[in-house]
Each structure stands twice: as C-alpha cells, then as structure tokens.
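A.B. asks: For the record, the sequence lines run as chains A and B. Heads up, the first sequence is in the numbering used here, so the first residue is 49 and it goes up one at a time. Heads up, the second sequence is in the numbering used here, so the first residue is 32 and it goes up one at a time.
Incorrect hints may appear among the rest.
Said to hold, decoys possible - Okay, derived cross-link-like pairs now, EDC-like style, lysine to aspartate or glutamate, Cα gap no bigger than 16 Å in a straight line:
hint : chain 1 : residue 1 : chain 2 : residue 2
1    : B       : K605      : A       : D473
2    : B       : K605      : A       : D474
3    : B       : K301      : A       : E186
4    : A       : K241      : A       : D56
As the list claims (entries may be wrong) - Computed from the model, here is a short list of chain B residues facing chain A with C-beta under 8 Å:
hint : residue
5    : L197
6    : A200
7    : C203
8    : F204
9    : K301
10   : E396
Because the hints were derived from the structure by calculation, they are not lab data. These numbers were taken from a predicted model, which means no experiment stands behind them. We put the beta carbon where it would ideally sit given N, CA and C, even for glycine.
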Amino acid sequence: MESAVLLDVQGLRKSFPRPDGGELLVLDDVNLRVADGEIVGLLGRSGSGKSTLLRLIAGLSRPAGGAVSYLGKRVEGPPPGVAIVFQSFALFPWLTVLQNVEIGLEALGLPAAAIRQRALAAIDLIGLDGFESAYPRELSGGMRQRVGFARALVVHPNILLLDEPFSALDVLTAETVRTDFLDLWQEGKLPIKGVVLVTHNIEEAVQMCDRVLLFSTNPGRIIGEIVIDLPQPRDRLDPMFTALVDRIYVAMTARQEQPQRRPTRMGMDRLPGTGIDTILPEVSTNLVSGLLERLAAAPYSGRADLPDFASALHMEVDDLFPIAETLQMLRFVEVEGGDIKLTEDGTDFASAETDVRKHLFGRNLLAHVPLAGHIRRVLDERAHHTAPKGRFLDELEDHMTPDVAEQTLRAVTSWARYGEAFAYDDHNQTFSLENPA
Amino acid sequence: MTRRASTLIAVQPRRPPFGVWDAVAIVLILGALVILAEAARGVALPLGALDETPISLDPGNLPGYAARTALRMITALALSLLFTFTYATLAARSRRAEQVLVPLLDILQSVPILGFISVTIVFFMSLAPGRVLGAEFAAVFAIFTSQAWNMAFSFYQSLRTVPDDLVEASRCFRFGAWMRFWRLDVPFAMPALVWNMMMSMSGGWFFVVASEAITVGDTTVTLPGIGSYIALAIAQRDLVAIGWAIGAMLVVIAIFDQLMFRPLVAWADKFRFDQGTGAPPPTSWVLSMVRGSRLVRMAAAPVAAAMRWSYRLSPKGGGAVAGRERTTAQSSLGDRVFTAVVLVAVAVAIWQIVRYVLAGVPLSEIATALLLGLATMTRVFVLIAIASLIWVPIGIKIGLAPRLARIVQPIAQFLAAFPANLLFPIAVSGIVAFRLDPNIWLSPLMILGTQWYILFNVIAGATTIPGELRDVATNLRVRGWLWWRKVALPAVFPFYVTGAITASGGSWNASIVAEVATWGNDRLEAAGLGSYIARATEAGDYHRVVLGIAVMSAFVVIINRVFWRPLYLWAERKFRLG
Chain A
49 MESAVLLDVQ GLRKSFPRPD GGELLVLDDV NLRVADGEIV GLLGRSGSGK STLLRLIAGL
109 SRPAGGAVSY LGKRVEGPPP GVAIVFQSFA LFPWLTVLQN VEIGLEALGL PAAAIRQRAL
169 AAIDLIGLDG FESAYPRELS GGMRQRVGFA RALVVHPNIL LLDEPFSALD VLTAETVRTD
229 FLDLWQEGKL PIKGVVLVTH NIEEAVQMCD RVLLFSTNPG RIIGEIVIDL PQPRDRLDPM
289 FTALVDRIYV AMTARQEQPQ RRPTRMGMDR LPGTGIDTIL PEVSTNLVSG LLERLAAAPY
349 SGRADLPDFA SALHMEVDDL FPIAETLQML RFVEVEGGDI KLTEDGTDFA SAETDVRKHL
409 FGRNLLAHVP LAGHIRRVLD ERAHHTAPKG RFLDELEDHM TPDVAEQTLR AVTSWARYGE
469 AFAYDDHNQT FSLENPA
Chain B
32 MTRRASTLIA VQPRRPPFGV WDAVAIVLIL GALVILAEAA RGVALPLGAL DETPISLDPG
92 NLPGYAARTA LRMITALALS LLFTFTYATL AARSRRAEQV LVPLLDILQS VPILGFISVT
152 IVFFMSLAPG RVLGAEFAAV FAIFTSQAWN MAFSFYQSLR TVPDDLVEAS RCFRFGAWMR
212 FWRLDVPFAM PALVWNMMMS MSGGWFFVVA SEAITVGDTT VTLPGIGSYI ALAIAQRDLV
272 AIGWAIGAML VVIAIFDQLM FRPLVAWADK FRFDQGTGAP PPTSWVLSMV RGSRLVRMAA
332 APVAAAMRWS YRLSPKGGGA VAGRERTTAQ SSLGDRVFTA VVLVAVAVAI WQIVRYVLAG
392 VPLSEIATAL LLGLATMTRV FVLIAIASLI WVPIGIKIGL APRLARIVQP IAQFLAAFPA
452 NLLFPIAVSG IVAFRLDPNI WLSPLMILGT QWYILFNVIA GATTIPGELR DVATNLRVRG
512 WLWWRKVALP AVFPFYVTGA ITASGGSWNA SIVAEVATWG NDRLEAAGLG SYIARATEAG
572 DYHRVVLGIA VMSAFVVIIN RVFWRPLYLW AERKFRLG
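Please build the complete structure, drawing on both the sequences and the hints.
C.D. replies: Right, here's the structure in full:
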C-alpha cells in the first residue's frame, strides 16, 4: 500500500500576508493521501481553500508550512506528471483545438511527429474528432471542457487535478461530460493513475469519488472523510446514493460544540454573527424573501430537508449555504441536522407586506448582525451622523483580506439599505443616517 | 490512426503548384528588397554627399524621398517593438524594476522630444563620424521616441492583465519563460499592441518632418526624405511643392495601411480575448495572400520549427514558484535598500541637471521659463476646451449613426496621422496678411494635429452606448439639453477624458514647432515655452534647451498627476457602463 501512494500531503498550511503585516490563514493542518487508482473529492464551500489546496498540490504556489510530496519527492514547483483541468477551461483562445492540445507536448520538447500523433489520439479518445481546426470561441462550453480534458490527458499525467471542471457547464452538459469521463476511467482507457476532484456539488462528489474529504471554511480544514464504496456506474436514485448525499449534508451543517480558537469563522458549525469581524456573504434581499416564502408555503410549511430543498430550488451548496447562513444569522431560520426551519420572525416575514418586511429585516439586522449594529452606533454617536467608509474598512481589514472586507461591507450596506437601517453614498464613500428626501 | 491521417489530408483543398498569391508575394518581396538596397547605399555615403546632391523640389524625386522616409519609420517601429518587448517585460516580471521603470516611462512620455533632437544628434553623429549613418541614427531615434512609449505601456498593461487561469495553465504544462513569452504573453497583448503601433505610426509623421532637416547652431543636416522636401518647400514658399508633399504622404500612409496595418489588424483579431462575436472580423487582401501562398508557408515553416526548437533550449518552467509571491517580511529590508539607492540616483541626476543649467543660464531665467510654461499651459487648456466644445457634440452625433461612424472613424485617424506642420504655411500667410496677433493666432496650430484624438475617442464612446439605454431615453421623452446632460455626455465621458489626455500631451510637444512658424522669410513667434526651446535649439544653446525641456516635462508630469489622472479615475468609477 505504501508504495502505491501517488500523493502525500502532510500538515499543510497556507496563509496570505495582510496589509497590516499580519497573516491570514486560509488552509490549516491539511493531511491527505491519494493512492493508485483513486478518485479523491475535496468538498467544501467557496472560501474553504480547496482550490488553494489544489494549486499547492500542482506546485503553483508555496505552502506556509507542511509539505506536499508526489511519488515520494517533495513538490517545489509544477512537477511533471501533474495536470490540471480548470473550471474556466483556460484554453488559449488564439489556438485551435489541435494546437491547444499540442501545446503541452511542445513544452515537453517532443519531436513534431510524435506531438501530432499523441494529440490526435487524445482528441480521438475524448470525442473531439472533427473539431481539430475549430477555435475555442466556436465551441460550446461542453466541447471546450473536453478540450481542457484532452489537453491535460495528452501529457500522460500520473495525477489529474480537476478544479470544479463541470461547474461552468449547464446541468445536462455537465452530466454528459462527467459520465463520459467516468466511463473512460472505469474502462482503464485514461493514461492516469489518480484523480483529485475539487467540487462544491455534493451529488457530483458522491457520483465520482471513492473518497470525499469535507472542508470547513475560514480557515480551510478537513472536518470529515466519507468513503463511498458504491459500484460504478452509480445511480442517483439509488437509496444508498441519496443516503450518502444526506449524510454529507448533515456533516456539513453540523454544529461543532467545541469552542473555536479564533472568532473569525462564520459557519453553521456555531452560532454565527457574534463579532463585527464576521465575514458576510453578498446575499440579495430578493433571494432572502424568495427563500422564506418558498419555505413557508406548501409542501414545506416552514420546515424542509436541506438536500431536497436545494434540489427543488436548483441550488448547490455554494448557492444555498450562504443564504441559509444569512437567514440563520438574522434569526429567520434555524438549521439543524440537515433540516432548515422557519422561526417565528421568519414566519412573520414570509406573510408580511413589503413595508413590514423591511422593518422586520432592519430590526433583526441591527440586533443580530454586529457589524450593522456597530455602524449604526457610530452614526448615532456622531453629531453630524455620518462616517467614512474607510473607517469601517480599516477595522475589518484587521481580520480579513481587503477584498473580503470590501465584500462584507458591500453585503451589510445592501442589507442596511433594504432594512433602512442606515444609508450609504458611494460618491463620497460615507455612511449616514439620512436617506435622500 | 491511419484513417485519421488520410481524412486530414483530404480536407486540404487541392492547389496548383504555383498560385496567383505566390506571384503577388514575389512581387512584393522583390519590391521591398530593391527599396532596401537603394536606401542602404544612401546610408553608407559620407556626409559630404548630402551637399553634392541637395534636396530638390522636383516631384520626380518624391518617390525616392518617400521610400527613405518610410524606411526610417519602419526601422524606428522595429526598434520600438524591441524596446517594448524588453522594457515592458522587465517591468512586468520584476517588482523592483517595475518601481523604477514604470514612473520612468511616465516621465519619458512627457519629455518633449522635439526639443531633444538637437541634444541627441550630436551624440549620434559621433557614433558614425562623417557618415550619413550618424544623422540617420538621430532621425530614427527621434521617430523612435515618438513611437516607443505608448507601445511599451500597452504591452506592460497587457502583461499585468494576462488571465490567471492561462498563467496557471502554462505553468502547469511547464512552459519555459521564453516559451511563455511567445505563446502566452505576446499573443495576449497583440490586439492592443497592434492598435498602439498604428497610433505610434500616426504620431511618428509629425516627427519625421521635424527630424530630417535638423539645424543645430551652425550645422545643418538635411537627409533625403519627405520631411526635408517640406522644409525646403516652406523655405522657398513653394505651395505647389507642398501640395506634392501632401500627395506623397497620402500615398505612403495608404500603402502602410494596406500592406502593414490592415493585415496586422485582421491577423491580430484572432488574439482577441473576449470571445463574443460582434462586428464582422476585419479582412485584408495581404493577409489572404500570406495565408494563401504556398511560398510564404514554405518560408514560414523553418521559422516555426526554429521557434519550437528554441523553446526546448530555454530553461524549463516550473523550477521555482512565481517571483511575485513572496512574504512581506522577507523582502522589506531589501526594498528599503533598493528605494534608498533609487532616491540617491534621482537626487544625483537632478543635481547634475541643475548644475548644468546654471552653468549657462542665470538663476532668474528659471522664473522666466516657468512663466513661459504658464503661457503655454493656458494655450493648451483653452485649446482643449475649444476643441472639446466643437468635437464632443459632433463625435456623439457621429457615433450614434453607425454607418456614418464607420466612414468618419478612419478619416479621423488619418487626420491624426497628418502632420499639422504642413498647414503652417497657410496659417502664417494668413496671420501676416491680416496683421493678427501671433500670441493668439499661432496657438490653434498646436492642436491642429491632436484634436482628432478627442473626436475619435468620443465617436468610439458613443458607439458603445447600449441601444436599450437610448431607447429608454426616447421612451421617457428625454430630449434636448436634458438628453445631453443625463445620457450622452456621461456615457462618453471616460472616452473623452482618454482622448483629451492624448490631445493635451501632444499639444505640449507640438508647441515647440507651433509657437514659431516660418514661411519663407516671414517668421512669427508666440511667447511660450515652446518658442523658448525652439529658439535655444536654433542658437545651439544647450543650457537653455535643457532648462526648457526640464520645465516642460515638469509641467506635463504635474498636470497629468494632479489633473488628468484623478479626472480619469473619477470618470472610470462614476460613468463606466456595465
């Protein structure tokens, strides 16, 4: 078994420097192994550092601590034999399909004849025959990602890293490309030994992986591992399959009772919104209203199973969790054991008129979102009831990266506008208590 | 696999062994070789030969002059490209180099090169003493300085905005630095670079006229070319010859457009990154020729093979993690040392300039130069304001009529290329005839060539106003002044600012030519920094030339920093559509 380890990640940490000189931890103590013949899934929400982990494995960035070793050798830069398929396809728009596939081989310095032969074989394998001379802009998303796969496979990598390869595709196309890939993998036609798949789609993870590692957010840590030993091809309607999906949902929404080291994390693993340093997701108030209405109506009548609810709304983890968290923070819902249910405030909100809704929203915002309460207090205390944006941005940047601080402030601004808790003028970049008369 | 190979061959259309395009290619290549050989013979001559065959106003000589001028411009463009590839790449790859090179480029852009020619010619003549080559170097250098900076800026900006995923893909596939440059960086930068090359070529014409006939103190060097022809025509008050020169220039500009820029634009279209399909792709018969000619393909194949071979030689990528990713603590000490060294170097340079200037100029004259600078500044701002009042409404109206825009846009670009010096004679005779005040009436000459940047940027801005936005305005019956104030002007504002910045910079440079105008023996002068530099140049007074250039550069840099750049950022933030 020891000899068959392709990839070994030990105690990996990654942090980014903050402008004030501090460090922001995005990945902490990550351990994982990929053995020969395995597909390992990294499942987590955006911001859980799973794509960062993939880039560390690919040697595209350097860890702050710990090590990645590939075939027993420490990874210092992009190692030969590791290829990535990107979420955005990352095709060279000025090269044809054939040239895009060939370019990796050119970098290897192979003779021209061998390059052509291998590229055509890869194109054949991945079902791109006839598209050789097309430019990426002429192709549909599904075809583009097939080029992405062909380009990665043609260099005959040992490990294929898949960075949310299907998430930019529509559902049906994603399904087709995914099953084609799985078929080739099952039939042993792919020149690869192991796959690491980053995804935020729980069903995709269950369908493709032999093992799924669950990530927490802020910083990203592995909070669980689920082994999936269903035989391939897997049927999404199989009760075993749905049971696994449910289990992962519960694991990802479970509250962790032990106290956290750092107060900066927001997640359903604890009561969110306890400090002004909480990172707030940009969730539209229209979505908030829509979701509460849907949850209040039949067939849910105020209580729903998260996976069911998500698929009824055509939402994935990345879409649903931030909304659910926001609602939980505002005390409109409670999330427990993979279920989401309306609170009293939530029920009131769902049945109210626009003006009442805005009032309710504003009240709960000021009461339960510390940053909103903080901004309001500052504005109340000042004689002229205005305060510059930079003041709050500075405070936030002590705890998060500048762009996350911007995002958090944008989120709270849009909520405050809806709840009429305070106003913001982008022209002078100031908060105030006055709305234009 | 054999099945595949056979289908691939069958896809290729059958061609005759030697096609029409091959014939066209041969003619073009032979023509270029003849011109090159002819010019090379002229360049190698001793300097005295120039006096033996003085410039003549016989129009029969114009094709030869035009070829020499065109060759100078192409040489300068090639040098600019070389400069762009090295300077901008260094600035984009090394954080420390970036800290010095980018502000330096900003200043270089602001230095009035026309004033600088006299300083550089002495140096270049010393490189090839007694040969025409030295003067050619100086002329090419002058043209180079009018072309290089914006190309380098554009390339630098492109390098900084190469999409992350493509960078990661090329690192993951272990491109070496050399391969990454040619397969990722250059293709990505190509559309913007080609556009800037066209702009540079337009700007270059203005300098051709000024750089071929150079008088420094007692020395006058007259290189055969369109510029010298024009200078002679002005000295002899020969309006017919001016007409011939304008005609020759039109032909050269048209040839450049057909043989060089149109194919380049059509070719660069495939490097466009936005994958949307809007307008029909540009086409060019020369590009069709290149793509259709077997001869060209046969000649290109070894080049492509050599490039592939060179990728293999260069060190493999993937050895080290990108240089830009570094922890703050590691480099802060090095940064401080580096900054200190740079500051000391800047201080020494400034001290040297001050010492040199003060050696030949009394201290009080610095105040005079500053006052003259204020006079020129007033002119530039008033002219920009007047040009804006005229061209913004016209540009918006044109931009909103797509068919009209397609016709006017290339004309405006041509007018920008047209060296305004050619119109000076007419202006001077007019001012003399009507006894006008040169302090006022010479001023419009400064903006003659540069106002078009305002026009075609506004046109470009107006064409991007979404149809729906216009429909809404119509639907809500927004009309008259309200329409201009709330719809049209805000929508084109960022574009207008871009155009005005270019026009303003160009006008400062043009002031050196435009504040002093001659037509035969009539000589008019407006009080300003431009005429100050021009007069010092004629007198061969380098101390005053350096003082004038330094003051003008300072004016331009400061105006850019405190006025144009904030205005641009504000416009970008407030009025950007989408």
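A.B. asks: Evaluate each hint against the coordinates.
C.D. replies: Right, here's what the structure says about each hint:
{"no.": "1", "hint": "K605/B x D473/A", "in the structure": "holds (12 Å)"}
{"no.": "2", "hint": "K605/B x D474/A", "in the structure": "holds (9 Å)"}
{"no.": "3", "hint": "K301/B x E186/A", "in the structure": "holds (12 Å)"}
{"no.": "4", "hint": "K241/A x D56/A", "in the structure": "holds (14 Å)"}
{"no.": "5", "hint": "L197", "in the structure": "holds (6 Å)"}
{"no.": "6", "hint": "A200", "in the structure": "holds (4 Å)"}
{"no.": "7", "hint": "C203", "in the structure": "holds (5 Å)"}
{"no.": "8", "hint": "F204", "in the structure": "holds (4 Å)"}
{"no.": "9", "hint": "K301", "in the structure": "holds (5 Å)"}
{"no.": "10", "hint": "E396", "in the structure": "violated (45 Å)"}
The structure shown violates just one earlier hint, number 10.
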